[in-house]
Amino acid sequence: EFELFWKSYPKKVGKKSALQAWDKAKDRPGLVEIMQAIDIAKRSEQWTKENGQFIPNPSTWLNQGRWDDQPIQRKPDFIQRFFDRHKGEA
297 EFELFWKSYP KKVGKKSALQ AWDKAKDRPG LVEIMQAIDI AKRSEQWTKE
347 NGQFIPNPST WLNQGRWDDQ PIQRKPDFIQ RFFDRHKGEA
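Numbered according to the working numbering, the sequence shown spans residues 297 to 386.
Source of the hints: derived by calculation from the structure; they are not laboratory data. One or more of the hints may lead you astray.
If you anchor each label on the Cβ, the simulated ranges turn out as follows [what the hints assert, rightly or not]: (1) Lys-383 - Pro-325: 37 to 43 angstroms; (2) Asp-365 - Lys-308: 18 to 24 angstroms; (3) Asp-365 - Val-309: 17 to 23 angstroms; (4) Arg-381 - Gly-326: 41 to 47 angstroms; (5) Leu-300 - Arg-377: 35 to 41 angstroms; (6) Lys-303 - Pro-325: 17 to 23 angstroms; (7) Gly-348 - Glu-299: 20 to 26 angstroms.
From the three backbone atoms N, C-alpha and C, an ideal C-beta is built for every residue, glycine too.
Can you build the whole structure from these sequences, using the hints too?
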């Protein structure tokens, strides 16, 4: 299961510590739920902005139980452009 997690996680750093975190996370959900959480996070603003700079290391993601996170969804581009254009007009 860990190898499937590793293949799907977008940031490939610290594999050994990620495996240790995987083994230590006794309260983690099943693999399907983990994979769904990663898929949702991959589309989140935090993980997509600035070329993925803010994707947590996999061991951090596991140690902090980030599968329970509720990522903030990105505003549609046209809404963001509207707000950017009208900043400071109020």
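Which hint numbers doesn't this structure obey?
Result: no hint breaks.
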